[in-house]
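Colleague: We have chain V already, so just place chain B on it with the hints.
Protein chains: 2
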Amino acid sequence: MDKIFNPKSIAVIGVSKSKDKVGRVIFENLKKTFKGKLYCINPHEKSISGKKCYTSVLNVKEKIDMAVIAIPALKVIDVVKECNKKGIKSVVIITAGFSEIGKNNLELELKDYLDKNNMIAVGPNCLGILDNYSNVDTLFAYPDKLKRPKKGNLSFISQSGAAGCAILDMLSNNNTGISKFVSYGNAVNVDESDYLKYLSKDKNTKVICVYLEAVEDGKKFMKISRKVSKKKPIVLLKGGKFKESEEATLSHTGSMAGSSEVYSAAFKQSGIIEVNSIREMFDTAKLLEKKKKPKGNKIQIITNGGGYGIITTDNVLKNNLKLSNIRNKEKIKKKLLPIAVVKNPIDLTGSANDEHYKIAIENSLKDKDVDILVVILLPQLPSISKNIVNIFSNMNKLTKKPFVVIMTGGESNKIYKEKLEEKDIPVYDFPNDAINSIKNLIKYNQ
Amino acid sequence: MDKIFNPKSIAVIGVSKSKDKVGRVIFENLKKTFKGKLYCINPHEKSISGKKCYTSVLNVKEKIDMAVIAIPALKVIDVVKECNKKGIKSVVIITAGFSEIGKNNLELELKDYLDKNNMIAVGPNCLGILDNYSNVDTLFAYPDKLKRPKKGNLSFISQSGAAGCAILDMLSNNNTGISKFVSYGNAVNVDESDYLKYLSKDKNTKVICVYLEAVEDGKKFMKISRKVSKKKPIVLLKGGKFKESEEATLSHTGSMAGSSEVYSAAFKQSGIIEVNSIREMFDTAKLLEKKKKPKGNKIQIITNGGGYGIITTDNVLKNNLKLSNIRNKEKIKKKLLPIAVVKNPIDLTGSANDEHYKIAIENSLKDKDVDILVVILLPQLPSISKNIVNIFSNMNKLTKKPFVVIMTGGESNKIYKEKLEEKDIPVYDFPNDAINSIKNLIKYNQ
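For the record, the sequence lines run as chains V and B. In case it helps, the working numbering puts the first sequence at residues 986 to 1431. In case it helps, the working numbering puts the second sequence at residues 986 to 1431.
One chain only, chain V, in its complex shape (with noise of 0.2 angstroms):
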């Protein structure tokens, strides 16, 4: 697996001349990237964008770690016994056009092959891999359609291909980092459990995100997972939860997807955080990733908007989580009094300063009674100072407490948030985003 994830060498089968073909993309995405050798092979050019082309794998002299197959699904088993041949014993085949559109006698054929001769393959029917620390990058888009999210310590498994690719985007624009991502399509003979095991001892993966529609091999995904899960988090979102919906998965990916329940039932006792949306999974995610275990599921709220410290606090409540009674209230009041209202939620009202916000902060984590700060800022009170990301920062590295801030707003905000995420401190646009996550977290600690 290490060879699909970490070659030094990587041949393109099925670079076209033109610029928006598939092979081309990734040919192109990779000549940028890749700091290893890269091979072209077309078997009817001389040369592709400044590039020898070479008619077989067979025919480049140096060995090829992995191979990269983006050419027309009838034609994929002969390369692929070409690769055998020259070696290759890993490679990612991008082509569609098999079990998902009904030729599964193709796909068992070409299963068999691969598992014959000691070969694996991503895919087919994917975009096989993105990886920010080999810098192998097969998805065919153009980084001008599809922003490549930064270097960072998410992996992202996903069943579909275009969703995945979307999120990536959406990623890259939030400035959430990612180690590596798969996109496993068909699953030919590597599934999400393979990708599991092997993401659990790469080290740059510290929470590991999965789409997925349905599990061939059942026995094999919980045995891994259940291992997998003590080591890092796995969060979770499961599509076709319904009959209807599952139908739908049948023609997407060739694979049935059962009983959600049943899912839901064997996540649980693998220990999976199984989330409900999209957003959920990566907001989940960016709060597991700072390693920090709650003792306790009692939160104080700190907020300088008396509304946000009511919703916020009726998604405590609805989400079972408790309230902390902090002890040390007359402290706090003395300084900070006449200007705030010393509860849970502690007020600091539209008046609020940084310094305000410090005192609170300090006495609320070394408080017993609180087991993890959740903190409203709404920066576009005229009070608040850009130092106050200092503040956070320096609070945040002194606890063992789970730190988390909620803000919401437009572009001066963004700046705010970018800092904040930059200094381990995990921020969220609203109070149900910060509350799910922090309920995900409590239970992945339980």
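It is worth saying that the hints were derived from the structure and are not from the lab. Treat the hints with care, since some could be wrong.
In this list, chains with the same sequence are indistinguishable; a pair is considered to hold if it fits within one copy or across any two.
As a list, the in silico EDC-like pairs of lysine to aspartate or glutamate whose alpha-carbon atoms are at most 20 angstroms apart [said to hold, decoys possible]: (1) K1191 with E1047; (2) K988 with E1201; (3) K1130 with D1414; (4) K1399 with D1414; (5) K1303 with E1259; (6) K1006 with E1340; (7) K1208 with E1246; (8) K1074 with D1176; (9) K1404 with D1129; (10) K1006 with D1339; (11) K1343 with E1201; (12) K1135 with D1097; (13) K1002 with D1339; (14) K1371 with D1005; (15) K1130 with E1403; (16) K1136 with E1396; (17) K1353 with D1339; (18) K1371 with D1129.
Modeller: Showing chain B alone in chain V's frame:
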């Protein structure tokens, strides 16, 4: 009330020399936006910001329609009396320090005077108003910290000032247009019901969004909102749903929140759409703004990402909505095979181009079994061109059926989104946002 939202002249009482003080911020903002006459009231200065200062409104010879008051709480009543003498019957009292900090008598005294003298007051303890048509803006935040949303057809009433503030900033960033915003604080003698009534007659308001924590006069609220909701949708988020959050409410605006179930029942009876989050409030509002009434609850999904189609289907079924069963399946198949899977969702697959979308949309909209169309567009895929915006826009113009787009992504996505929304098509980041909004649209039209 029209003197509040549409005055010909305004006096700002309490304009400070210091640029960061509330009265001064309001004065500077009005100086830039307001086209009518503006008077600066400060008893200690001769001129501020190049404008003559008057010691009192009584020293101004011309007629004044409205006054914004930003002076210490204890002095407010005297100034209100001066306003009355001057014939100013409408005031916006920004000043805090009344019932929200236990000074109930001070607030009662104010109310008494206002009522007896036939005056009306927004506030106290509020941000006041923003009217994008008359350019009245009493928000005490400079536009570099709090960008104002553009002109539009949503109005927003908020009991919480800071929350309102943050949300306006967010709306400006999302390119959502606003007609009027009111932060009404303690609602001394004009309350949420009065604003609802006023907005129901405002020709620039198509949908009314409300954030509230408590209603003092429940009968009045139900009577008015029942009438208003027949004319215009009211989308409401209630803060303070639990006993604990009610306590926070008490200290926030000085009124008791009451049982959440009682409120929910009353909202339902009054035709109000109650939502669960700020995001859902504005997602719902932008769909209702289009004024398209679905004939039923049957949804057709069209997608170029199989996984996204499945996630959307899950959301449709979870919300007890129906998937349509299109009748002209064979016709579409003829035109779209082999690339597409023609079911519900119609999966155009990653190879879909603009023309495939056109065929699928055209045929779905013609189909009698389709009440609402949900189009998923992942524009990161190479075969999608920018012209697709025009195709969607033309289709949307020709149909009375609600037409909604789901798009996830980053920067390049944002450009598509803005263009589509300019052409009156609501665009959602994620499937659950879109389907929740559709559920609310159907609820309103039932």
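Colleague: Quick check: which numbered hints come out false for this structure?
Modeller: 1, 2, 11, 12, 13, 17
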